[in-house]
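Engineer: Start from the sequences, fold in the hints, and give me the full structure.
Letter by letter, the chains look like this.
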Amino acid sequence: MVERKISIMDSVRRASQSVIAGVDKKDIKHWVEIHIMGKAYKVPADLTIMQAIEYAGYRLIRSCGCRAGFCGACSTVYRKKGEYKLQTAMACQTRVEDGMFLVQIPFSPAEKPLYDIKKLEYEPSVFLKYFPEVARCLSCNTCTKSCPQDLQVMDYVQAALKGDFKAIAEDSFECIQCGLCALRCPAEIVQYHLAQFARRMYGKYGTLRDNNSEKRVREIEKGEFDKEFDRIMNLSADKLKNVYTEQQNTREVY
Amino acid sequence: MGELKFVGGYPVYMRELIKLVEKTRSKRIGKLLPQMKPQERVDILNLCHPDYAPGGKRALRIGPNLGDIVSNEIADLIEAYPIIEPDKIDFSKTDFETDILIIGGGLGGSSAALLANDYGIPTDRILLVNKLRHGDANSMMAQGGTQAADRPNDSPVIHYIDAMGGGHFANKPEVLKALVEDAPGVIKWLEDLGAMFDKNDDGTFVELTGGGTSRRRLHACADYTGLEELRVIRDEFRNRDIPVIEFCPAIELITDEENKVVGAILWNMETEEYKIVKSKATILATGGFGRLHIRGFPTTNHYGATYDGPVMAYRTGARLKDADTVQYHPTGAAYPQQIIGLLLTEKLRTSGAQPLNKNGEEFVFPLEPRDVEAASFIRECYIRNNGITTPTGMKGVWLDTPLIDILNGKGSTEKAFPAMVRMFKRFGIDMIKDPVLVFPTLHYQNGGVETDPKGSTNIKGLFVAGEVSGGVHGKNRLMGNSTLDCMVFGRRAGRYSAEYVKKGVNVGKLGLKHVEKYIRELKSARIKTDRRAPMLLPDYRGKAALARAIDIF
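Protein sequences, first through last, are from chains A and B. 79 is the number that this note's numbering gives to position 79 of the first sequence; each next residue is one higher, with no gaps. Position in the second sequence (from 1) plus 254 gives the number in this note's numbering.
Lysine-lysine pairs mimicking BS3-like chemistry, simulated, CA-CA at most 25 Å apart:
#1 LYS145(A) with LYS679(B)
#2 LYS166(A) with LYS129(A)
#3 LYS215(A) with LYS442(B)
#4 LYS129(A) with LYS162(A)
#5 LYS259(B) with LYS26(A)
#6 LYS442(B) with LYS118(A)
#7 LYS259(B) with LYS687(B)
#8 LYS42(A) with LYS85(A)
#9 LYS215(A) with LYS453(B)
#10 LYS239(A) with LYS729(B)
Derived by calculation from the structure, the hints in this document are not laboratory data.
Structural biologist: So this is what it looks like as structure tokens:
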């Protein structure tokens, strides 16, 4: 019995070994050539840009964060051999392709206006007050084209000019603040800070409040659950287990 | 792999297996297998959960938790020598002096800074330091939601009982009580700061259940919950102009003659120089340990999740709690190769997606507590041999995601799971039409530096918040209690460290006596090793490149 357990864990370990400890050269069937900041490297075709850079021997400090597409640390600009077009990607969420010329953007120097959300008026003029450069938008759509999340960035910048909090908040909701839009913008707008501002304004002033949580906070403050807590926390281990099992049987599913 | 033909992101042989899933789909709608009985749960954990299977753990040979059983990977870091030599550190110059030093800028550390400020510490007397960027943290990747018992048919007591049972009754009662009692207030705080939660037309929150939660109490922001929570809190942090240093992790805590924690040694990862921070209180919010790849598992965690916090705290004499358990999330991606281990939120199952074996059959209730659910996937793949094998040799079970649209209406998957849909689409898979392949992945550090309800530890001046801490979740955390933990105990650590500072702290002479003592203990325990800790970052450089590397600079 014990031996079988060990072998299960060993099999599990073997199955994902290539992900954790790197793939063995003999197991690689397909290769591509990429250029990391101009230097050519042969790397396995199955890797993401980030994994390929590491395979080539780079130990990342910058340009690597969550490794799962949520944090915007690994903004990458690339061009493919023979093409004029500059493209953008998140290195952790994009497969390498033959002939990529790659550079990662370690930092985006963007100015962020400071504000106290509690003291702001929920009215369209706040956009131009805190983000006057929005008025310089040329509608060139470069921001939208550079967004690795495929958001309609230019649309929400235009919505800011109209003072439409809801549209900006919803269109920008999936923004991971990688900074690529701002770096590419000829009007020097910092779209992702603008969007952050709009979302907080909309979240705070533009949506109805939940009353349940407000009510519950007051009930807790008044100590309305203290008695029940005392009872539960003083139960014997066995009794508490029974209470738990009974409670699970009353569960709401979905 | 080029010999394989692909259709819609899957090789043809997997495509054939998907047909079996499609065949049984209509019969499965609305029908679920029953939950396991308590004894069945115990049995399956013992059979094949990585925490229970032998060979993965050993007893600590040193320190306050001497003799406690922990994962080998953790023991390796605890039983490692410091990076620095204590007598070579120059304390004659202090680089930064502050009231509250916060190490780590996820939800825990960032919340702590705001509350310390609210409770009277001026912004320029707070310093937040980060290993990577401010916000590079597991918090940012949290998908499913945050628990708070605020609906009329729910209560903090019901939340408490759920979490106690999920944690195998090992949770510290008074710490767990603090978690559940603060929860509705945390949600309200976020709403006040402008976080955009999923809401119904009348303003009430859309709330769902998670594995092991008996009421609907998960507050979500689509499947970008952690992203939304953290970017709002970080924006507030930035508006208050609180000082931050990035790419400058702590590599050792500093103590005085009374063994109070009075600062930390930072290391600038780019210039490689060290810096001395003197502080009256220190909040450790360094997060988890996924990048240790315990038992060889891939992980959902961010690049910097390397257990630095407990390693440093343990050397000062801080006790660890529940360091023996590891949470494996049942649904990590098992295919395609590029995203193995990445998280597929539990909310997919909450919304109706069922786990299925290679025959397209159900084999487990979809919302068992995470450890039980994960063990059942391992049993299906490695004992019953009913898993699906990928071209690179990974095994997994299907998660029948098309059910979500069928049950909740067309377009609901895209609305509720934009991050998931996007991730699979980037690699050629449409999870609205096709099931996805999953296998357990290393997800969460259940235990850590033992905390009390105020976020303080047994070491004076040292506070903890979030995943680095131990006690609140017992042996297994429930979904939606991690972001909650970060914010509840981030806020508490911020508040109570401020109160500690305001009472007046007499900071003595800065030094590393505790590290010298630790080295002596390592030697007397006859631990001979080249290992150095904290680890700071994993090393994923290719083997071929490493084999010929020369370390010159």
